[in-house]
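Student: Construct the complete structure from the given sequences, taking the supplied hints into account.
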Amino acid sequence: MSKQLLLGDEAIAQAAIDAGLSGVYAYPGTPSTEITEYIQASAEAKERNIHSRWCTNEKTAMEAALGMSFVGKRALVCMKHVGMNVCADAFVNAGMTGVNGGLVVLAADDPSMHSSQNEQDSRFYGKFAMIPIFEPSSQQEAYDMMYDAFEFSERMGEPVLLRVVTRLAHSRAGVVRKAMKPQNEISFPKDPKQFILLPANARVRNRNLIEAQKTFIAESASSTYNKFAEGSDKSLGVIACGIGYNYLMENFREGIPYPVLKISQYPLPVDQIRAMAAACDALLVIEDGQPFVEEQLTGLLEPSVKIKGRLDGTLPRDGELTPDNVGLAFGFKSKSTFTIPSVVQMRPPALCQGCSHRDVYEALNEVVREYADYKVFSDIGCYTLGAMAPFRAIHSCVDMGASITMAKGAADGGLFPSVAVIGDSTFTHSGMTGLLDCINEKSNVLIIISDNETTAMTGGQDSAGTGKIESICLGLGVEPEHLRVIIPLKKNYEEMKSMIREEINYNGVSVIVPRRECIQTAAKHKKQAAKQ
Amino acid sequence: MKIDIILCGVGGQGILSIASVIAEAALKNGLYMKQAEVHGMSQRGGDVQSNLRISDKPIYSDLIPKGEADVVISLEPMEALRYLPYLSKEGTIVTNSATFENIPDYPQKEEILSQIEKMPSKVIFDVDQVAKEVASARAANIVLLGASIPFLGGISYDMVQQGIRDIFGRKGEAVVEMNLKALAAGKAVADGMK
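Protein sequences, first through last, are from chains P and U.
Quick note, this note's numbering runs 159 ahead of the 1-based positions in the first sequence.
Quick note, this note's numbering runs 722 ahead of the 1-based positions in the second sequence.
Read the hints as simulated data drawn from the structure, not as lab findings.
Only a predicted model underlies this, so the values are computations on that prediction, with no experimental measurement involved.
For every residue, glycine included, the Cβ atom is placed at its ideal position computed from N, Cα and C.
Please note: incorrect hints may appear among the correct ones.
[What the hints assert, rightly or not] Beyond 10 Å from chain U on every Cβ pair, some chain P residues (computed):
no. : residue
1   : G231
2   : D471
3   : S495
4   : P639
[What the hints assert, rightly or not] In silico DSBU-like links for lysine-lysine, alpha-carbon gap of 30 Å or less:
no. : chain 1 : residue 1 : chain 2 : residue 2
5   : U       : K724      : U       : K840
6   : P       : K349      : P       : K386
7   : P       : K656      : P       : K601
8   : U       : K909      : U       : K844
9   : P       : K690      : U       : K903
10  : P       : K162      : U       : K844
11  : P       : K690      : U       : K893
12  : P       : K686      : U       : K724
13  : U       : K844      : P       : K205
14  : P       : K386      : U       : K779
Tutor: The following block contains the structure:
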């Protein structure tokens, strides 16, 4: 087949479809979102009746995918790296149950935090769950790995983790497709106890999983993705993981004198690494993200082996790899001629002009500033940009749903007024349970669910709670007279301000829902309507 | 043949459309290409950039090393300056002179333009103005692409025209024609400056 121009994310999506996928389960998160969107838009996926609707959060996604694997079908779960925290319970225990149909968990890491709150490395999760990990170095390799991963998962009897980083997920390259495989028929696990993790069964599963590590290592050692290339200069041996390999080769376009071991499949092929360590004076580990391999090597190799990488400062301890910092690790000087003139200013992202969150923050700011010790706990979404000028309206942004529960904890600790600002999609993702805690204790909090009827930051995906926010709040036990809805527009400012003031002064749980569609999706919808 | 291009501007200005037209043209002609772009939070009115690499040999890095970009193509003059460390010594800046001022401390326009004037190789003009005159304000990105053609190495005018037909074809003949007109206008400006 001819080459197609695909984002790394799209290559993975297409490969999953081609490999007999029956369902993708995901919550949007940069840089993973485009995988599910590609499958949603794919005619082939539609024809094959592939499930692709967004899930409420990464945990529900992971569990649904495990359920699909239980009945013998091939399932893919996609998320950004912090989503791994949300689904960790299900993920780690999926390692314990193992799979029936092939199960691939895709984690898209974001070194340098282009659009994230940390740069945690998902490979640690893979190791924690004791399952095989794949880490592609190119879009074609991402396609090939995903294409083979379901069968590998079925052969190993375990889920596999496919780890990519922003620069692979969001970079386009020519990709060659392979022939489409059939989807699996329904089938049930041969061992009826496999998925029942009672302690007695779980101990057996745990021992099996420990035993399987040998097989996984042998698979890594013989994997075509882990490539050793001999070099004449043994003063250094280079271990290059995932896209770290690209930056290495970019710096040695005319050929590299050192032996190189490219790692794209884990657990680490221990014997190959030991052999390399024995033959070379020192090892350099090039890996994007945290020093996952480098730390393991200190335990696997003799203490006399000199290991260079992110821990000894040969490479920066944080931030993504670049061809430049990898070049510096070899002592190559930057070819830069020009510098950035001092006149250039930062241009941070901002809330769109006309965005409903702007009106919410303007009204909120005016009211809370009437109080001496107010704090506003916010959350993950476009409205996090309320931290920037001119609003400077929020005091926290930690993890999905934390606004409500942090406001509760602060109120428990004596703060007044304690306000939470959360978006509709984040509320259904992880805010609802915290709201129930507030209601059960009649916490003195004001919760603003700034509802723009979409998951806006990631590009306007469907929001699980659209049309249901009030009934969810009432169902959880919010008092009807303290659940108030308003359209956040200039003309409603005075009404919105007095509503906020009244609900701050109510000693108990209040929820205000300012609701106005995201201007980006509204424009999209208008365009679509004009076409019809 | 190898060409490294940095495309930049402000979120929403349409740099990714320029990237996809060039990339389509490159791929159709059997060249290798990689194009890294930014999505997510950075798109909300912040600075955005895309690294586009084209070669007749396989390309390793998705990112262009510093000092190796052959051309910086920018829809906004201050943004052009932000990527100067990536521009090679012989490289060219092709930029819009019309500013996009969405930050409170945006510098004096004259200061920015005088910095661009200092560069050894540049093409600078009011892209928005040309786009409005010949096609539509929305085609500013394609006007800029037209002005960049003399600096795209092995990517010819014909190849880019075909890229426009491929990318905009599904939007109808009128959209294709408007963009081809914008492309020609941009190219004429650059040719006139030689």
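Student: Run every hint past the structure and note whether it holds.
Tutor: Taking the hints in turn, this is what the structure says about them:
At roughly 35 Å, the least C-beta separation between P:G231 and chain U is larger than 10 Å, which holds for a residue marked as non-interface. No beta-carbon of chain U is positioned within 10 Å of the beta-carbon of P:D471; the least distance is around 23 Å. Against the 10 Å criterion, P:S495 falls within the reach of chain U, whose nearest CB is about 4 Å from its own CB. No Cβ of chain U comes within 10 Å of the Cβ of P:P639; the nearest lies about 36 Å off, and the non-interface call holds.
Taking the CA atoms of U:K724 and U:K840, the gap is near 26 Å; set against the 30 Å cutoff, the hint holds. Restraint check for P:K349 and P:K386: not satisfied, since their Cα atoms lie roughly 36 Å apart, outside the 30 Å limit. With a CA separation close to 23 Å, the supplied pair P:K656 and P:K601 stays within the 30 Å bound. Annotation: proposed proximity of U:K909 to U:K844 holds, straight-line Cα distance about 14 Å (limit 30 Å).
Only pairs whose Cα atoms come within 30 Å are accepted, and P:K690 paired with U:K903 is accepted, the gap being roughly 24 Å. A distance of roughly 34 Å separates the Cα atoms of P:K162 and U:K844; the hinted pair therefore is violated under the 30 Å criterion. Proposed proximity of P:K690 and U:K893 is supported: the alpha carbons are some 11 Å apart, at most 30 Å. At roughly 40 Å between alpha-carbon atoms, P:K686 and U:K724 are farther apart than 30 Å, so this suggested pair is violated.
For a cut-off of 30 Å, the pair hint linking U:K844 to P:K205 is broken: about 49 Å separates their Cα positions. For the hint linking P:K386 to U:K779, the alpha-carbon distance of about 21 Å falls within 30 Å, and the restraint holds.
The structure does not agree with the numbered hints 3, 6, 10, 12, 13 stated previously, though it agrees with the rest.
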